[in-house]
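Based on the sequences and whatever the hints tell you, model everything.
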Amino acid sequence: MAAAARGCGGVWRRVLQRGSRGSCSASRPRRAVACNARGGAVPAGQSRLAPWVPVVGLEIHAQISSNSKLFSGSQVQFAAPPNSSVSFFDASLPGTLPVLNRRCVEAAVMTGLALNCTINKKSLFDRKHYFYADLPAGYQITQQRVPIAVNGSLSYSLCIDNKMSQMVTKTVRIKQIQLEQDSGKSLHDDARSQTLVDLNRAGVGLMEVVMEPDMCCGEEAAAAVRELQLILQTLGSSQAIMAEGQLRVDANVSVHHPGEPYGVRTEVKNINSIRFLAKAVDYEIQRQIKELENGGTVLNETRAFDSKLGCTVPMRDKEGKQDYRFMPEPNLPPLILYDAKSLPANVNHQQVVNIDWIHERLPDLPSVKRAKLVELYGILPEHSFTLVNEDGLMEFFEDVVKQTQMKPKKVIGWILSDLLSHLKQHSLTAKESPISSFLLADLLNLLANGEISSSAAKQVFEELWKGEGKTPLEIVKEKQLELIQDQEELEQICQAVIDEREKEVMAIKEGNEKVINKLIGLVRRATRGRANPLLVKQILEKKLSG
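When the letters of the sequence shown are read in order and numbered with my numbering, they come out as residues 8 to 553.
Derived from the structure by calculation, the hints contain no laboratory data. Using N, Cα and C, we set each Cβ at its ideal position, and we do this for glycine too. Warning: the hint list may mix true and false statements.
Claimed, not checked - Derived DSSO-like pairs (lysine-lysine); straight-line CA-CA distance at most 27 Å:
{"hint": "1", "residue 1": "484", "residue 2": "465"}
{"hint": "2", "residue 1": "192", "residue 2": "315"}
{"hint": "3", "residue 1": "416", "residue 2": "431"}
{"hint": "4", "residue 1": "315", "residue 2": "348"}
{"hint": "5", "residue 1": "465", "residue 2": "416"}
{"hint": "6", "residue 1": "170", "residue 2": "477"}
{"hint": "7", "residue 1": "414", "residue 2": "465"}
{"hint": "8", "residue 1": "431", "residue 2": "465"}
{"hint": "9", "residue 1": "438", "residue 2": "379"}
{"hint": "10", "residue 1": "414", "residue 2": "484"}
{"hint": "11", "residue 1": "484", "residue 2": "170"}
{"hint": "12", "residue 1": "416", "residue 2": "376"}
{"hint": "13", "residue 1": "473", "residue 2": "438"}
{"hint": "14", "residue 1": "525", "residue 2": "550"}
{"hint": "15", "residue 1": "192", "residue 2": "276"}
{"hint": "16", "residue 1": "409", "residue 2": "465"}
{"hint": "17", "residue 1": "438", "residue 2": "414"}
{"hint": "18", "residue 1": "276", "residue 2": "182"}
Stated by the list, open to error - Between beta-carbon pairs, the in silico distance windows are:
{"hint": "19", "residue 1": "481", "residue 2": "516", "range": "41 to 47 Å"}
{"hint": "20", "residue 1": "321", "residue 2": "137", "range": "42 to 48 Å"}
{"hint": "21", "residue 1": "104", "residue 2": "297", "range": "48 to 54 Å"}
See below:
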């Protein structure tokens with residue numbers, strides 16, 4: 008657990024303290040919280056004899072990547088005109104019946120296998136009753152009793168004290184994965200005091216991934232969700248674009264003293280950003296600790312995270328437990344899946360879902376990709392972590408490596424130090440980069456072949472970033488950045504520098520060899536960076552030894 012505590016150490020940042028119930032106060036002094044050796048939280052200034060242990064569990068709703076909804080043929084399309092993709096079943100008109108979408112079942116099985124789950128060959132559908140304007144039937148079809156997948160695990164990595172060179176791998180247990188319908192969307196018009204309902208989303212297929220309370224801080228929760236997001240995107244079971252509501256997180260948070268039962272938990276609903284998830288969890292831990300230390304009690308309530316204020320606010324309390332009146336879905340038979348052993352003879356393969364067939368076709372997961380990058384290119388594990396975690400960066404790196412003569416270990420420096428920093432500065436992904444992999448490879452070839460210096464390559468990179476359609480070679484010629492290949496010309500420049508710097512020359516001859524670096528710099532300045540420093544050093548050493 009010591010490693011776990013170190014893993015959280017960098018995330019207990021100062022957060023806003025809670026003012027009155029439902030408000031945030033930024034004017035009060037802020038207090039830091041740190042993780043102790045057992046993974047708990049110790050408020051700054053408090054004795055470590057009575058640390059607080061935070062407990063975090065997650066429920067994640069991932070929209071299944073499918074052309075149609077879970078139980079109807081309505082098209083799934085983001086930002087479609089309101090109520091333009093609603094079938095009679097979606098609107099819950101009398102006499103309509105659900106028809107299960109095979110693609111959604113296969114996506115759930117694929118996800119369960121990737122998360123090391125046991126796939127239930129027989130799962131059941133249930134009705135969960137609650138009443139909202141955007142839930143036309145008055146119930147949601149879900150899998151409360153026997154879900155499609157259970158008892159899995161997810162391994163994820165996080166930095167120790169925000170240092171990429173120090174990473175720890177942790178594991179969170181997956182309780183279950185269940186198929187269920189999404190609800191519609193209520194649009195509140197405060198100006199007209201009315202609520203509009205859009206049912207385009209009603210009935211869209213979801214996978215709910217329930218994680219056990221194995222995490223202790225926002226950083227761990229964020230790292231676990233990011234790894235899950237990468238897995239879903241790799242599988243193609245969900246696009247998992249949080250900005251489009253395709254991945255939504257509910258965080259269950261509580262605190263307690265070691266050896267005591269878990270504290271009363273609160274649920275922070277519908278977090279739609281990994282960064283906001285980390286902030287929401289950390290704030291909620293801090294809020295609960297402060298509440299308990301001040302003699303108060305933590306309410307079993309649902310809260311929302313206000314990203315502008317940086318705090319959680321109450322939505323509704325859960326003290327009176329809502330009765331969802333779960334009942335078996337009468338219009339859907341049990342969902343039966345098969346493996347190679349149980350598959351009936353002479354069966355139509357289009358009419359069944361074969362677990363083994365799906366398992367054999369699983370792609371390389373992010374953890375496998377990272378290991379292969381390290382083995383194939385000899386790069387550091389932390390570099391492989393960044394390549395895989397940044398959207399499209401791994402493919403960009405591999406494309407550059409294929410097209411350049413430069414060694415991968417040097418290419419990675421350009422990818423992470425130059426390209427990625429520019430991308431982040433402009434909020435772009437690798438796929439949106441104004442510098443293509445071909446252009447960057449072309450630039451690195453010029454550098455590897457000794458046609459330009461590293462400083463000149465940086466200048467060319469900046470020009471390429473402007474996206475003016477020029478090739479690296481055209482920029483080099485236009486800016487006159489090519490290295491001077493004429494040794495006689497270089498010797499003349501070196502001699503001129505020697506003649507002007509008698510003091511430095513004397514120091515070198517007296518044994519102070521470091522001074523030669525100053526002469527090299529003067530030669531490079533005289534050539535505007537177009538001189539090869541190694542060649543210049545050789546020429547200077549030869550002339551000064553005579």
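Quiz item: Which numbered hints does this structure break?
Solution: When the structure is compared with the hints, numbers 4, 6, 11 and 20 turn out to be violated.
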